[in-house]
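Novice: Okay, here's what each chain looks like letter by letter:
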Amino acid sequence: MAEGLTWNVYDANTMTQADIYGDVLCMLGEKNERIVGLSADLAKSTKIGKFAQKYPDRFFNVGIAEQNLFGMAAGLALSGLVPFVSTMAVFTTMRAAEQVRTDICYQNLDVKIIATHGGISFGQAGTTHHCTEDIAIMRSLANMTVVVPADGIECANAVMSCVEHPGPVYIRIGRGFEPACYDDDQYGFTIGRSVEITPGTDITLICCGITVLQAREAAQILERNDGISVRVINMHTIKPLDTEAVLRAVNETRRIITFEDHTIYGGLGSAVAEVIAESGKACAFTRVGIPDCYSVVGYPEDLYNFYKLDADGIVEKVREVMGRDFEEAESWEDGF
Amino acid sequence: MPLTEQELNQLQRHANQLRRDILDVTYWAGGAHVGGSLSIVEILVILYYTFMNIDPRKPEMEDRDRLVLSKGHAGAALAPLLSRRGFFDFESLKSFNKFKSAFGMHLDKHKVIGLDASTGSLGHGLPMAVGLALGARLQGKSWRTYCLLGDGECNEGTVWEAAMAAAHYKVTNLTTIIDRNKFMLDGSTEEVMALEPLADKWRAFGFLVKEVNGHSYPELYETIQAANTEKGAPVVIIAHTVKGKGVDFMENDVRWHYGGLDSDMLEKAKQKLAGEA
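If you're matching them up, the sequences are chains A and B in order. Numbering follows the numbering used here, in which position 310 of the first sequence is assigned residue number 502; successive positions increment by one, without gaps. Numbering follows the numbering used here, in which position 10 of the second sequence is assigned residue number 17; successive positions increment by one, without gaps.
These aren't lab readings, by the way, just hints derived from the structure by calculation. Be careful, since some hints might not be right.
Below, in silico cross-link-like pairs of lysine-lysine (DSS-like), each with a Cα-Cα straight-line distance of 27 Å or less [stated by the list, open to error]:
| id | chain 1 | residue 1 | chain 2 | residue 2 |
| --- | --- | --- | --- | --- |
| 1 | B | K148 | B | K238 |
| 2 | B | K189 | B | K275 |
| 3 | B | K116 | B | K101 |
| 4 | B | K65 | B | K107 |
| 5 | B | K217 | B | K189 |
| 6 | B | K189 | B | K208 |
| 7 | A | K236 | B | K177 |
| 8 | B | K116 | A | K431 |
| 9 | A | K246 | B | K177 |
| 10 | B | K279 | B | K101 |
| 11 | B | K118 | B | K107 |
| 12 | B | K101 | B | K275 |
| 13 | B | K177 | B | K238 |
| 14 | B | K118 | B | K65 |
| 15 | B | K148 | A | K223 |
| 16 | B | K118 | A | K431 |
| 17 | A | K473 | A | K509 |
| 18 | B | K148 | A | K246 |
Stretches of chain B that chain A covers, calculated by requiring three or more beta carbons in the stretch to come under 8 Å of a beta carbon on chain A [as the list claims (entries may be wrong)]:
| id | segment |
| --- | --- |
| 19 | 86-99 |
| 20 | 120-132 |
| 21 | 166-173 |
Partial list, computed: chain A residues near chain B (C-beta under 10 Å) [what the hints assert, rightly or not]:
| id | residue |
| --- | --- |
| 22 | G263 |
| 23 | Q291 |
| 24 | Y298 |
| 25 | N300 |
| 26 | S462 |
Here the structure is a predicted model, which means the values were calculated and not measured. Think of the CB as a built atom: it goes at the ideal place given N, C-alpha and C, for glycine as much as any other residue.
Hey, can you work out the whole structure from these sequences and the hints?
Specialist: This is the structure:
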């Protein structure tokens, strides 16, 4: 992590993930001339426009042509530059999926993708602009690193870190109105290493993106009202996954729930499930996310509530899992 | 200054050699995109032997010119050419398509020395080439990017997205060449999905269009030279070629878009080449 970034100076509640990303990119651009920016008629919405204003010569708005956007980014990277590309998650991972896979990942190029409007964060826009499949798609691409920051501050950390992280990186953020989870950036962000938000022994909530803050709030409610000790893990990097943190949770809490603004197929929940299954250890486990459907329309807050991804929903899900008939740890034959 | 008689003869020898190599690779590989490889022989030869600033001893040389073979299925032409140009041992091509070989139908830049971009999926080359050229310009580099497209490939929307961008950004350190051999896998380009009027399409997208006989070195030489000095707008060269050029039973026969050769057929095909030369 680079020195000199103090996010206290920002009112993090009014600065969105995308706002902070725009500022960080400007700062990086100042230090590193190899950084260039690209967007596809979404420079304003994705805030990469801040970089464009500061470095007009190093910014390419290719118009509404996402496949060319990622193909050109691959070419710029082949020429020795470090392109940061921003457009909506849905167009990045589906319209331009083959360019991301074949041009960027296959050639293992230094292209950094900041995909906005991930999940159902663009609630009112409906399914065409939602993106509840991107983590699954990006996770399946060899060479790709997948990061889902919890808030603007973590987004800043991720953007700072990804420059030093060789190869393609996919950073998935929301629309930009998500509340802050962190007060400052000094909490030890490292790509590939999860962050324990609250310690706990009864159950572990493994979260990414907007659900991290909600889980933290849910943990407080559950501790206070139900006496449940809840561990909350911010699994900001989906690939490579912090498998040790998952295994510790299996061994120490025996109950795990994953929460993500993404389909329950192929994303964080699936990644965690794979680790649990391969560990050979049993564990009460539930994935919470968007079920096998296209999301209803509405304001994001209402949607998060509807899909049990806000604090209320998380509390409900935890009580459900805690109420399950489940063996006590002592009765396990392998006795760890 | 036009090509001298001696230079022409030299280029012709390279072309003859490359055609024989393509047939050998097709034989070793058990099959290759032989028709569309034979059609680009003169284009590749004149680029790699006359125009491109490259050094086989320094394949990663920063200031080298780049080629993006957008019609990546013509790897059976580019791989032997890179080898003959000195990037790697020709014998290694005998492993073509074999288990764990560095050479497959579509070439991988991480495995093939001298290759500037991994291609194969059609419509991906021109966007990358535009990015490469813009990258060079941005870094104040004088190296040039060449992009070789197939004609059938021009069905892909991304070709036109990239064309729009190349004209918008006035990318003139890029020379785009289309192998207009008039066939694609399923038949003639005009029957499958009509491209004509192809030159008008490129003009409408802001390109200067030059049309040449893609097997004529003097024409290619003069036209590429002119394209490389054009500063007003990006240039596309529509090179009219013959699919399967040089082997009469392959010429303009769509069955030889992709095919294999046994040793008898290989000899027969090589005799056709010898007859031509």
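Novice: All hints, please: hold or fail.
Specialist: Here is how each hint holds up against the structure:
1. K148(B) <-> K238(B): Holds - the C-alpha atoms of K238(B) and K148(B) are around 16 Å apart, at most 27 Å.
2. K189(B) <-> K275(B): Measuring from Cα to Cα gives roughly 25 Å; hence the hint holds.
3. K116(B) <-> K101(B): With Cα atoms ~18 Å apart, K116(B) and K101(B) stay inside 27 Å; holds.
4. K65(B) <-> K107(B): holds (25 Å)
5. K217(B) <-> K189(B): With a Cα-Cα distance of about 17 Å, the restraint between K217(B) and K189(B) holds, given a limit of 27 Å.
6. K189(B) <-> K208(B): The hint holds at about 16 Å.
7. K236(A) <-> K177(B): Measuring from Cα to Cα gives roughly 24 Å; hence the hint holds.
8. K116(B) <-> K431(A): Cα-Cα ~25 Å, so holds.
9. K246(A) <-> K177(B): Given that 27 Å is the threshold and the Cα spacing comes to 22 Å, the pair holds.
10. K279(B) <-> K101(B): Satisfied, since the Cα-Cα distance of roughly 22 Å is no more than 27 Å.
11. K118(B) <-> K107(B): holds (10 Å)
12. K101(B) <-> K275(B): Holds, at about 20 Å.
13. K177(B) <-> K238(B): holds (8 Å)
14. K118(B) <-> K65(B): holds (15 Å)
15. K148(B) <-> K223(A): holds (21 Å)
16. K118(B) <-> K431(A): Roughly 26 Å separates the two Cα atoms, so the pair holds.
17. K473(A) <-> K509(A): Satisfied, since the Cα-Cα distance of roughly 22 Å is no more than 27 Å.
18. K148(B) <-> K246(A): Within the cut-off at roughly 23 Å; holds.
19. 86-99: violated (count 0)
20. 120-132: holds (count 7)
21. 166-173: Result for this restraint: holds, n = 4.
22. G263: holds (3 Å)
23. Q291: Because about 7 Å separates Q291(A) from the closest Cβ in chain B, which is inside the 10 Å limit, the hint holds.
24. Y298: The hint holds - Y298(A) has a Cβ within 10 Å of chain B, the shortest such distance being about 6 Å.
25. N300: holds (7 Å)
26. S462: violated (27 Å)
When each numbered hint is compared with the structure, violations occur for hints 19 and 26.
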